[in-house]
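Whole structure, please, built from the sequences with the hints as guidance.
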Amino acid sequence: MFSSRAALTAAVLTLAAGLTACTPVADIEAAPDAGNPDCAEVMVALPSELAGQEQRKTDSQASSAWGNPSKIILRCGVPVPGPTTDACATVNGVDWILREDDTTWTATTYGREPAVEVIFDPEEVSSSTLLVQLENSVARIEPTRSCVSSSDLELPAQ
Numbered sequence: 095m096f097s098s099r100a101a102l103t104a105a106v107l108t109l110a111a112g113l114t115a116c117t118p119v120a121d122i123e124a125a126p127d128a129g130n131p132d133c134a135e136v137m138v139a140l141p142s143e144l145a146g147q148e149q150r151k152t153d154s155q156a157s158s159a160w161g162n163p164s165k166i167i168l169r170c171g172v173p174v175p176g177p178t179t180d181a182c183a184t185v186n187g188v189d190w191i192l193r194e195d196d197t198t199w200t201a202t203t204y205g206r207e208p209a210v211e212v213i214f215d216p217e218e219v220s221s222s223t224l225l226v227q228l229e230n231s232v233a234r235i236e237p238t239r240s241c242v243s244s245s246d247l248e249l250p251a252q
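The sequence shown begins at 95 in the numbering used here and counts up one residue at a time.
It cannot be assumed that every hint is accurate.
Ranges between beta-carbon positions, derived for each pair [as the list claims (entries may be wrong)]: (1) Arg-239 to Pro-131: 13 to 23 Å; (2) Asp-121 to Thr-197: 13 to 23 Å; (3) Thr-238 to Thr-117: 28 to 38 Å.
It should be emphasised that the hints constitute simulated quantities derived from the structure, not laboratory data. Even glycine gets a Cβ: it sits at the ideal position worked out from N, Cα and C.
What follows is the structure in structure tokens.
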């Protein structure tokens, strides 16, 4: 009985290894500060499934991709954004600067160093689902600043 169970386990592991080998490694350029130790904290906490997409292996440090082809790309250690007039959304306590291009959106953490960047196609991936599911990982980097709106500012009387 034991040997047949061990053989079955070995067969399942071999099959699983073969199936993951079918998914090509995602080619992603590493962020400038990818070697930051805080990025390692983020990376080990990333979900294996994100917005309905399975995680893939990548060829660079502090990066991840989901979907085949990649629907979501994450890089930790991107340049930390300074004050901006770009849209900023707070999702479960994490501030994200949102930038829209023709076909993709880029969400970059605001007020956390190192910064985390997520690139995705909003036609294929829900931004609200994506950013909610990343909260547990990204929140491992302590915030030092937060988004403010013009209504939060005190303007001098004229």
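Consistency of the hints with the structure:
One distance hint, 13 to 23 Å for the beta-carbon pair Arg-239 and Pro-131, holds here, with the actual separation near 20 Å. Between Asp-121 and Thr-197 the Cβ separation comes to about 19 Å, which falls inside the hinted range of 13 to 23 Å. Look at Thr-238 against Thr-117: about 37 Å separates their beta carbons, and that is inside 28 to 38 Å.
The structure agrees with every numbered hint stated previously.
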